[in-house]
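Q: Please take these sequences and the hints and turn them into a complete structure.
Number of protein chains: 4
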Amino acid sequence: MIVILKETACEQQIQALRNTLTAQGIKLHESKGEQSHIIGLIGDTKSLDIDSLRADPAVEDVRRVSEPYKKANRKFHPADSVVDCSGVLVGGGHFAVMAGPCSVESEAQITEVANAVKASGAAILRGGAFKPRTSPYSFQGLRADGLELLRHARTQTKQPIVTEIMNTEHLHLFEDVDIIQVGARNMQNFELLKELGKIDKPILLKRGLSATLEEFVMSAEYIMAGGNEKVMLCERGIRTFETSMRNTLDISAVPMLKKMSHLPVIIDPSHAAGLSWMVEPLAMAAIAAGADGLMIEVHNDPAHALSDGAQSLTPAQFDELMKKVTTLVPIFGKTLETL
Amino acid sequence: MIVILKETACEQQIQALRNTLTAQGIKLHESKGEQSHIIGLIGDTKSLDIDSLRADPAVEDVRRVSEPYKKANRKFHPADSVVDCSGVLVGGGHFAVMAGPCSVESEAQITEVANAVKASGAAILRGGAFKPRTSPYSFQGLRADGLELLRHARTQTKQPIVTEIMNTEHLHLFEDVDIIQVGARNMQNFELLKELGKIDKPILLKRGLSATLEEFVMSAEYIMAGGNEKVMLCERGIRTFETSMRNTLDISAVPMLKKMSHLPVIIDPSHAAGLSWMVEPLAMAAIAAGADGLMIEVHNDPAHALSDGAQSLTPAQFDELMKKVTTLVPIFGKTLETL
Amino acid sequence: MIVILKETACEQQIQALRNTLTAQGIKLHESKGEQSHIIGLIGDTKSLDIDSLRADPAVEDVRRVSEPYKKANRKFHPADSVVDCSGVLVGGGHFAVMAGPCSVESEAQITEVANAVKASGAAILRGGAFKPRTSPYSFQGLRADGLELLRHARTQTKQPIVTEIMNTEHLHLFEDVDIIQVGARNMQNFELLKELGKIDKPILLKRGLSATLEEFVMSAEYIMAGGNEKVMLCERGIRTFETSMRNTLDISAVPMLKKMSHLPVIIDPSHAAGLSWMVEPLAMAAIAAGADGLMIEVHNDPAHALSDGAQSLTPAQFDELMKKVTTLVPIFGKTLETL
Amino acid sequence: MIVILKETACEQQIQALRNTLTAQGIKLHESKGEQSHIIGLIGDTKSLDIDSLRADPAVEDVRRVSEPYKKANRKFHPADSVVDCSGVLVGGGHFAVMAGPCSVESEAQITEVANAVKASGAAILRGGAFKPRTSPYSFQGLRADGLELLRHARTQTKQPIVTEIMNTEHLHLFEDVDIIQVGARNMQNFELLKELGKIDKPILLKRGLSATLEEFVMSAEYIMAGGNEKVMLCERGIRTFETSMRNTLDISAVPMLKKMSHLPVIIDPSHAAGLSWMVEPLAMAAIAAGADGLMIEVHNDPAHALSDGAQSLTPAQFDELMKKVTTLVPIFGKTLETL
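Protein chains in written order, with our numbering: chain H, 655 to 993; chain E, 655 to 993; chain X, 655 to 993; chain B, 655 to 993.
No copy is singled out in the list; a pair is fine if it fits within one copy or between any two copies.
Here are the simulated DSS-like pairs of lysine-lysine, each with C-alpha atoms no more than 30 Å apart in a straight line: (1) Lys660 <-> Lys700; (2) Lys978 <-> Lys729; (3) Lys988 <-> Lys977; (4) Lys913 <-> Lys660; (5) Lys855 <-> Lys724.
No lab work stands behind these hints, which were simulated from the structure alone.
A: Written out as structure tokens, the structure is:
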């Protein structure tokens with residue numbers, strides 16, 4: 655950490671600051687030039703509160719030079735993490751496709767879609783039971799009944815299931831779920847992250863709409879700091895000024911997250927643009943950029959879906975897509991996981 | 655709602671769409687030009703899922719023309735709402751200042767700050783007990799003990815207290831709190847919003863870092879739809895590309911929210927920029943733009959605060975600020991609430 | 655175009671608006687519901703000023719339903735445009751790589767780099783002579799001398815050259831340049847665009863840092879409206895809240911621009927992230943998403959480059975990249991242009 | 655400037671870097687900790703190219719600690735600059751209002767508006783002759799004829815005139831203009847900025863839609879580096895994700911620019927939101943935040959304006975606004991300039 659002193663700071667103020675810092679076991683290296691006086695802080699600075707340091711009367715600004723995350727940091731774990739999702743591997747060369755409807759709507763619907771996406775090559779079944787909706791007047795999901803229908807579908811296809819949790823109070827309902835998803839709007843629901851750190855189950859953590867990559871990895875760190883290191887990072891589009899699509903897929907997040915962290919990186923091209931016709935080019939781009947998996951919305955009747963119809967593929971469209979995925983994944987040195 | 659048809663849509667597809675819509679009790683008004691064919695939908699379109707409509711093979715795009723919120727909508731409630739916070743009024747010409755430390759740290763600290771800000775004219779005491787922190791290694795707040803210390807301070811100053819809730823499971827701890835705050839990161843924690851809709855207590859809802867004003871009002875609508883109409887909206891800076899300060903205060907949100915909704919609008923200039931020296935000009939701007947109140951962080955020793963030191967005023971700085979607030983509020987036709 | 659009337663608009667105001675519109679040859683289709691009264695405008699609405707319409711006392715809002723661009727619009731030109739760049743084709747299945755240094759620095763440098771990138775398979779040579787720099791104290795380019803050195807390099811490699819223009823007054827210096835580049839900061843330098851519309855030479859138009867895709871295509875429309883239809887669109891990263899890289903590559907721009915327009919789409923992965931190690935994954939993603947070409951910065955000695963060293967590949971790194979480009983382009987059904 | 659070394663950097667690489675830097679007269683102060691090795695660079699680092707330094711094999715990252723601007727920097731010029739605009743002072747306690755139509759449309763229009771805004775208290779007349787329009791099919795301004803009409807209006811009202819330049823080739827037409835405006839889209843048209851640095855006339859520089867404040871001040875530095883120090887900075891709304899208004903007024907820019915620089919700061923509330931009803935609250939906020947002036951669009955017939963009708967005030971609305979401006983300016987310690 656580097657502290658830049660104010661030009662107007664007097665020696666008495668600076669000495670008080672030095673005393674405060676060294677009292678916490680920090681070593682100081684000072685550099686004083688004509689235009690700037692800086693102090694490099696050496697030691698375990700993770701416990702220092704940057705904001706309070708900035709409030710010191712002698713301080714102009716403070717800059718970190720090392721990352722604030724540790725368990726998620728590739729520097730301390732150079733090898734790729736591989737997350738075992740009830741037998742389906744993700745990361746470290748293993749590429750998995752998660753597919754299914756935005757919302758679980760009925761037994762017939764989820765069973766039909768589950769069978770279809772399995773036949774096309776999706777190793778994992780997705781489906782929403784608890785649904786975060788912008789409007790209180792929109793369909794809120796089948797909730798506990800939706801989880802039951804997902805489990806029922808799993809008895810038929812044997813696919814591990816991934817579904818979203820919205821509240822710590824629902825955690826007991828997710829015991830028999832294979833992968834728990836944290837949605838973009840809950841990426842910084844820290845109480846939820848803490849609880850998920852206490853269980854032993856893969857977590858699919860979605861990036862918040864305006865979360866920096868550092869904040870995203872810090873949310874993974876929350877889960878890992880609690881003891882659960884089975885975290886997968888999912889980029890699903892960020893909020894920008896662009897209006898022709900719902901969100902902007904941050905494809906650069908793939909290589910950057912892989913540099914920052916050893917955790918697997920999944921791309922959700924369905925939510926990224928919110929447009930079904932754009933799923934294929936974005937899915938191809940994701941594989942080419944180095945992603946470890948895809949999460950794709952598939953619905954048997956998009957025009958009558960209870961949510962997100964505009965971005966859902968039909969089973970036939972998904973089957974076409976999977977042919978291309980199957981071709982491209984090995985070209986980039988990865989193995990497509992199948993059941 | 656307006657449906658724009660694809661140029662390639664055939665009459666059979668269009669007729670199928672017409673049938674689907676009229677079956678739901680919607681009346682249709684069509685306009686067919688050389689370059690565009692549009693259908694205006696008349697009736698209660700709130701239940702229609704725009705995304706599914708967009709997935710219809712005949713549809714190019716769908717645009718709403720009326721607002722998706724009702725209880726929060728000024729069109730249906732032209733008069734300003736006044737929220738009674740245990741005797742302190744906010745809105746409809748009543749202007750209230752909420753002040754106190756970012757985090758409650760000790761009995762001595764919260765009592766000292768409470769007395770100081772009351773003496774300067776703050777009608778409401780703020781203080782964080784449950785703290786949402788980006789890093790799991792940062793101070794997480796005194797939690798239930800912090801709430802107890804806040805209540806203790808209240809016995810001395812008689813100020814209503816406002817403090818943040820992070821999880822539905824903590825709701826029982828907040829029974830004796832005067833105003834419950836929902837933080838920016840939980841603005842779309844819909845399960846929490848739903849629970850807050852069931853109680854009878856003022857809610858201070860903070861805008862998410864990248865929430866549009868419509869999404870912000872929709873989150874208020876979640877609470878109000880449940881039956882609790884005592885909602886105050888708080889703008890606290892949005893995330894933009896600018897890097898010289900933490901967030902960008904969206905001052906235009908004040909007049910725009912007041913046009914959209916009848917709810918009171920509070921400005922938090924402390925979080926907006928994250929810089930204590932900028933609190934005063936932003937607070938002045940907030941009053942001038944028409945805000946109904948301010949939320950300001952004050953700490954007795956900012957350089958040693960456990961959180962947010964860089965943006966906290968000292969009691970002396972706050973006292974100076976309040977002199978200016980006291981002068982400016984009546985110029986804009988409002989009354990400063992005092993105890 | 656759709657006009658949404660104010661609920662408070664009186665019949666007299668509405669009739670005045672009707673008269674104004676029909677006097678301009680516009681046909682009106684009205685839809686009046688309980689909550690909204692809208693007028694669909696049929697006819698040539700391109701000449702209407704939306705902003706003035708919004709100022710009409712009867713009008714709540716105005717929405718366009720058709721695109722404001724015509725010559726660049728794929729609806730009116732379904733087939734891909736192919737731009738002939740002095741013999742190298744771009745678009746319609748032809749994929750071209752443009753490579754070279756950020757700045758032309760010396761005869762030795764540009765000649766060495768030109769020979770190297772040609773040997774690796776770059777069909778077009780890029781190099782900056784007039785340089786837009788944020789600071790007046792930074793190297794501003796060799797200007798006219800730089801153009802001369804580029805032309806000299808071309809005599810050796812026979813590669814068409816692409817270089818940036820910054821001002822209409824320099825246009826006469828660019829007569830012997832093969833492709834004129836308009837930089838991101840000049841995307842809405844409309845006087846420059848108008849002049850480039852009058853010449854008969856390919857234009858590489860870069861997207862502004864915060865330009866919407868519609869604004870981007872409108873800038874192409876400026877050039878095309880003047881008569882020059884040889885326009886290539888280049889996405890080079892947009893400005894977002896993310897701080898770990900310089901810009902965020904908008905990969906979705908590739909499929910969206912191709913839906914909106916028939917013009918070729920080029921990706922510049924060097925400027926997008928500003929990081930040389932990220933060029934490869936972004937270049938791969940660009941090909942997979944459907945781009946028609948790449949623009950890549952290569953420098954013989956990046957650590958001593960006069961500009962943009964951090965994002966420049968060495969000739970050896972570029973050679974490695976081109977092997978992968980050569981493999982991937984045909985998989986996506988395109989032909990790599992070579993000299 | 656601080657250089658953070660890679661953990662993997664070997665001593666030989668580091669020594670090579672040291673040699674390169676000291677050869678340029680830079681002194682080095684090194685701090686080596688367990689997790690980081692940093693070098694502080696002392697001396698005139700303005701000529702160092704950060705990007706090239708980042709490309710050095712030993713370097714992980716580079717951070718500046720001092721500002722890259724000098725002439726515009728308040729550190730070197732603590733007192734507020736006062737810009738003399740043909741007798742009307744701006745800055746240093748002098749507050750000026752610039753008002754008039756978006757576009758000059760006719761002699762009758764500009765004369766009527768000029769007389770009206772003068773009568774209400776606007777010291778400076780604005781009016782666009784060269785208009786930057788997103789669409790080539792929109793009204794492009796009366797150009798040279800518009801300048802002539804502005805000069806004619808000035809003979810009647812004696813107000814200094816401010817109008818926008820779009821191209822260096824038009825500079826000779828602006829000789830008799832009092833203040834030359836550089837529009838948001840040309841904020842980084844560096845060739846234009848350089849030419850404006852050579853003349854002796856006040857420049858009103860508008861902030862680009864997505865320019866950081868540092869980039870904004872750097873563009874002022876371009877003009878000042880050429881010798882013309884009469885620069886006024888104008889914030890006019892930035893581009894964000896918010897969609898309910900055209901742009902987001904960055905009110906924090908006022909105090910931040912005043913901290914960074916000694917130049918006057920003007921607010922344009924008309925372009926900021928693009929909504930006439932929002933001009934008043936934003937203008938009030940601007941004064942309260944410390945601005946030195948306002949730029950406001952006024953049109954005698956907004957519903958028939960050739961551009962920007964939706965954001966224009968009528969003369970009567972402007973007169974109401976000016977009564978409030980006249981009251982508020984002295985409360986914030988400034989003097990309203992009048993003719």
